[in-house]
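Heads up: the sequence shown at position 84 corresponds to 84 in full-length UniProt numbering, and the numbers run straight through without jumps.
If you are wondering where the hints come from, they were derived from the structure by calculation, not from laboratory data.
Among the hints, a few may not be true.
For each label pair, taking beta carbons as the anchor points, the in silico distance ranges come out as [as the list claims (entries may be wrong)]:
# : residue 1 : residue 2 : range
1 : Ser77     : Ala40     : 48 to 58 Å
2 : Met49     : Val87     : 31 to 41 Å
3 : Gln69     : Arg91     : 46 to 56 Å
4 : Lys66     : Arg46     : 46 to 56 Å
5 : Arg79     : Arg58     : 28 to 38 Å
6 : Glu51     : Lys88     : 50 to 60 Å
7 : Glu51     : Trp71     : 52 to 62 Å
8 : Trp59     : Lys24     : 25 to 35 Å
Ideal Cβ placement from N, Cα and C applies to all residues, glycine included.
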Amino acid sequence: MVQASKRKQRWKMVDASKRKQRWKMVEASKRMQRWKMVEASKRKQRWKMVEASKRKQRWKMMQASKRKQRWKMMQASKRKQRWETTVKHLRRLGLVFPP
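Please model the complete structure; the sequences and the hints are all you need to start from.
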């Protein structure tokens, strides 16, 4: 009877130990899973930020290019206007004959 009781006691201890071990493994697995999710989320967030930054940079470059193009067109227009005005004045003075 005493032996059976000891066996039962030992079995309970072993069973409790196994349960605790299994619980530890499950908890470790949960922690790992949570960590993986957090890391994936961080990576995605970082990627989004980088993409947004690239888009903004491209947009800025495009705007600068458009501005430069407009400025060039304006300069050409001003140059043409100045030339036409000069020719008009020279014609009035009789220094340039019409073609």
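Numbers of the earlier hints that this structure fails to satisfy, in rising order: 2, 3, 4, 7 and 8
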